[in-house]
Amino acid sequence: MNNLRALILAGGVGKRLVPLTLCKSLIPFCGKTIIRYVFDDLKAAGINDIKVICPPANIDQIKKSFLAKDNVSFYVQKKALGMADAVLSVPDLDKKPLIIVNADDLLEGEAFKQFVEQIKKTESQIILTGKYYKEYFPGGYFVLAGKKIKGLVEKPPKDKQPSNFIRLVLDYFKDPKEFINYLKKVSSEKDDIYEVALDKMIKEENQADLFEYRGYWQSIKYPWHILAMMKIILEKRMVKNISQSAQISPKSTIKGKVVIESGVKILEGVCILGPAYIGKNSTIGTNALVRESMIGDNCVVGFATEIARSWIGNNCWFHTNYIGDSVLQENVSFGSGAVTANLRLDEKEIFIHKEGEKINSGRMKLGAIISKNVRIGVNTSLMPGVIIGNNSVVGPGLVLSRNLEKSSACFAKQNLEIKQNNVVITCR
Amino acid sequence: MNNLRALILAGGVGKRLVPLTLCKSLIPFCGKTIIRYVFDDLKAAGINDIKVICPPANIDQIKKSFLAKDNVSFYVQKKALGMADAVLSVPDLDKKPLIIVNADDLLEGEAFKQFVEQIKKTESQIILTGKYYKEYFPGGYFVLAGKKIKGLVEKPPKDKQPSNFIRLVLDYFKDPKEFINYLKKVSSEKDDIYEVALDKMIKEENQADLFEYRGYWQSIKYPWHILAMMKIILEKRMVKNISQSAQISPKSTIKGKVVIESGVKILEGVCILGPAYIGKNSTIGTNALVRESMIGDNCVVGFATEIARSWIGNNCWFHTNYIGDSVLQENVSFGSGAVTANLRLDEKEIFIHKEGEKINSGRMKLGAIISKNVRIGVNTSLMPGVIIGNNSVVGPGLVLSRNLEKSSACFAKQNLEIKQNNVVITCR
Amino acid sequence: MNNLRALILAGGVGKRLVPLTLCKSLIPFCGKTIIRYVFDDLKAAGINDIKVICPPANIDQIKKSFLAKDNVSFYVQKKALGMADAVLSVPDLDKKPLIIVNADDLLEGEAFKQFVEQIKKTESQIILTGKYYKEYFPGGYFVLAGKKIKGLVEKPPKDKQPSNFIRLVLDYFKDPKEFINYLKKVSSEKDDIYEVALDKMIKEENQADLFEYRGYWQSIKYPWHILAMMKIILEKRMVKNISQSAQISPKSTIKGKVVIESGVKILEGVCILGPAYIGKNSTIGTNALVRESMIGDNCVVGFATEIARSWIGNNCWFHTNYIGDSVLQENVSFGSGAVTANLRLDEKEIFIHKEGEKINSGRMKLGAIISKNVRIGVNTSLMPGVIIGNNSVVGPGLVLSRNLEKSSACFAKQNLEIKQNNVVITCR
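Taken in order, these protein sequences are the chains called A, B and C.
All residue numbers for the first sequence refer to this note's numbering, where the first residue is 1 and numbers rise by one.
All residue numbers for the second sequence refer to this note's numbering, where the first residue is 1 and numbers rise by one.
All residue numbers for the third sequence refer to this note's numbering, where the first residue is 1 and numbers rise by one.
Bound-form chain A, shown alone (with noise of 0.2 Å):
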């Protein structure tokens, strides 16, 4: 269809996702990982020359999310340095047109389709994207005079941004032989040769157009942007389907767009309110309800247990709890009566404790971030924003307000008063 090339940097190693020790760009969403939504994009986009560029210790999981048919060419970045060094690391890029986009970030499907029929249409050496803010988006602001891209600004303060465009990672470069020179002359700092080089080129060529995007962007950064984005993929992305072989009770309630995969069992008395996804062989239990949410594969959410607006992963078991606004990686599992509380007593935006800083996720509602193979005692309580690490224990009827690390075992002391009962219990 065109001779255009996709160059994807899945080098993104998430180290603002701790606890979860999940691989940015290969969390799955509705069954697929991010970077199949942009390998399917690109593809719908007419574009069949597509390399990934990876760190060696992920390369082994990314190529699971790919099929021998999709003729995908893997490269190994050997060194996070960056997304200059990763350009660097794929040989023989100069031969055709390139576009360069991330593992991790989501747009719309047809954002790519506009932006390579913007390609053909006008002939243009360079092609930046700038998302449209109306309102201040702490972000590297694109300089423009008219459509031409004029400079970068990475994050300008607030009212003295130099246009209402943002730059996403998805650009073009017809000849990419000019900007690798530019990456390899170079010298930064900072993480940023990669936008030092594509100023210096925009001033010094002055030839870079702008592709105008309107519409949904999201990538992950912190744990509750996982939120963010199945939030979008849930309302924009996912097809409603229930497969043929799930077994669905007459007397449960499926509503909006709901995904069923294969071997579900939806129990009597259950609600899912779309939009959810129940990935394969899970099983919602007797009264249960799950709403705007994703639950993994091989799941059991219990009876009379609530999933709102959360993000679950494989193997999660879940027994009359109330678990909202909630990340938990895999193979967490929840006595009976726990719950995540969501929203602080004082109606507040919820802080994020980590590593000694303390973060704004933005948010009112933001329940626990979970990793992977941990277990919460019956009639606990989890506080908005408490963070646990893998291989935990939280004990029984407690309140957890603060984070746990990795491998913690985590107990209430009680105080019994245990004396002689001279009450004389008889039937009532």
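FYI, nobody ran anything at the bench for these hints, they're computed from the structure.
These numbers were taken from a predicted model, which means no experiment stands behind them.
Each hint should be verified, as a subset may be incorrect.
Stated by the list, open to error - Derived, one-sided and incomplete: chain B residues facing chain C with beta-carbon distance under 7 Å:
#, residue
1, C271
2, L289
3, A304
4, N315
5, G337
6, V339
7, V399
8, S407
9, S408
10, A409
11, C410
12, F411
13, V423
C-beta: ideal position from N, C-alpha, C; glycine also.
With chain A fixed as given, assemble chains B and C onto it according to the hints.
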């Protein structure tokens, strides 16, 4: 229809309702205040000339219970100097036969009609109302000679009752002038000039007749009387009605006498067991149960919550709670798993602690009494008869067995022990 | 049909059932005591001459399992001196061929029929019953030569078993007189005269035959054996039946093999997942779940409660609880939100602590063992394998991980901090 006039005494300040900041006669039941029940009953008995005397602080609120076409005259009692002063604060009462009633006493709908019939039939100068009690009741008793009233005895000792008739405030004076003169001339050190005047007049004039009343009677003194009043109104006064604009899931169950107001949503798996009232725009969430209760406007009774025999004001939010035999004034929310205990473990009568006093509610089942603007944390337990003042916050996972003053913040200090978890947690 | 006589040994005092105050053979399953199952099985095998030997303390209770037309003879064993003494306490046993069985051992219904057939076919003098075990079981093993029994070995070490057959108490003596003589003449320092006499007789007379038994066998020693017995009876013995007088909501679900007795109410949204038994006049409340359990008479399984794999005696009350793998003797109530934890957080086998001993239940899932007349407070958590003696009260909001003696009152002391609340709480 007749030339009768009625004076409604709306002076009750409701000190004993603390922590509730409700004016007794303005507490709504099924969307209608008590004073409005009294007014409607008077109208139904053919009385069209109705005056209301009320404190300055409440007059604006009280007026909201009436429409222009109700043609009510309002008067202000400047200071809270009791019933006698209230009557004397209304000008020109001496022109017409006068009925005096309390704004917060509920009698059977037929009571006023029968009272008016007796007035018409008997040509009596004075008719006072006695409620028949077989057992002792701590109130003011009539001394009787046949159907003639010979005097009043305030709270006689048990087994010294002069009759089986307790005085209620439903009084008729053919010539109010005479009674007004008595009110002006007697004096008392206690807040009982009205009763002293009445007793004196009865004895000196010797022409008061008894209106024998054997129906229900409910007034509001302590907060749990709101539950008693609710029970009577649900059972005796409320007329079944389901608004056309309510959205009711066909998978819900509505049994018995139920009122569902406009804009209400009843979701799947809900049971409403009558008698019950659901106020405007409230939502009863998936698998919730409401029975023998009143729910105010704009409430959300969330997933798997049970509300039993409780009076719930406007804007209350619940989420997997048990609320039993409780009074929640307004804008109260309960976190997931929070419950009201409504039965002592020793199954004895429940006492309320107020201002150093210990008051027997006479009830085996009583939950919490909560004022407005209160937040209760997840998995918290409120013990029977606990009182919580307005603008208070109760933390998560604690047991509250004492009262909280208004603007309290109550949290439990836990003793958490965090160790290395040496158990390797694997998938089941 | 035949001239056989059976003697049922009902001497078990059930010390190891503490805190339960139940007599082992009188524990009801599906409305029928174990001794009655044994009796009915004997009758079905054509045995009409049946005697029962029991302790003085239990005889009145034991007689209640029988009707006059059952034509049973009862004998009292004055002191708890073991099986040999029990047999010797019954007069005139030497007249007829005799079968001796335990009152609290449950075998397959067909087992006694097959045993009687072997008696008829073989003309054996003595037939003893061996249950086939492929793996080691800590019991009394037979020494065999083909189908001839050559002796008994009590609890041989593992891998030293003389055969694969464990002795059960289902013995036949064509001439009981001979065995009675042995019982009279042997002596032992342990409580095993019966076994010693049997071993001696086998060796000296050399004519005992084996009845090979390969079906299920369950006796009751520790409280969790009640759960094992329940499982067998639910699966193998109970016959599906729903009383005509039960009131069952069309919005409830009853699946699998279920018995619902007279006067039972099953409310809306309930799930009963068989095998399950619901005793007379019990109510299963809105949105509750009962599965693989037995519920006694006059119980109330209230709103949103789950009872799973549990044996629940009469007059128990629940309200939004999870009761899993538990035994509750009688008149036990759980406050709202109270739960039994039935799985250790480390998912290891559950131990019971009794009289300084730590006994492995061999179960991964085990909840609480609760005697009669016990009250559990709201939101309280009972840890796996906890034992609670009768007439005890457990306070609200605590975690009980130790046993409670009878007549205990256990409460948690909390450290509440009450401050001024400076946040103004407004309506959402």
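The hints, checked one at a time:
Proximity of C271 of chain B to chain C holds as hinted, the smallest CB-CB distance being about 5 Å (cut-off 7 Å). The beta carbon of L289 of chain B comes within 5 Å of a beta carbon in chain C, closer than 7 Å, and the hint placing it at the interface holds. Hint status for A304 of chain B relative to chain C: holds, with the closest Cβ pair at about 5 Å, below 7 Å. The restraint placing N315 of chain B at the interface with chain C holds, with a minimum CB-CB distance near 5 Å, inside the 7 Å limit.
The beta carbon of G337 of chain B is positioned within 7 Å of a beta carbon in chain C (closest approach about 6 Å), and the interface hint is therefore held. A hinted interface residue such as V339 of chain B counts as satisfied when its beta carbon comes closer than 7 Å to some beta carbon of chain C; here the least separation is about 4 Å, so the hint holds. Look at V399 of chain B: its Cβ gets to within about 4 Å of chain C, closer than 7 Å, so that hint holds up. At a threshold of 7 Å, the smallest CB-CB gap from S407 of chain B to chain C is about 5 Å, leaving the interface hint in force.
The beta carbon of S408 of chain B is positioned within 7 Å of a beta carbon in chain C (closest approach about 6 Å), and the interface hint is therefore held. A cut of 7 Å between beta carbons decides the hint on A409 of chain B: the least distance to chain C is about 4 Å, and the hint holds. Because the smallest distance between the Cβ of C410 of chain B and any Cβ of chain C comes to about 5 Å, under 7 Å, the interface hint for this residue holds. About 5 Å separates the beta-carbon of F411 of chain B from the nearest beta-carbon of chain C, less than 7 Å, and the hint is met.
Using the Cβ-Cβ criterion of 7 Å, the hint placing V423 of chain B at the interface with chain C is satisfied: the shortest such distance is roughly 5 Å.
In summary, the structure agrees with every hint in the numbered list given earlier.
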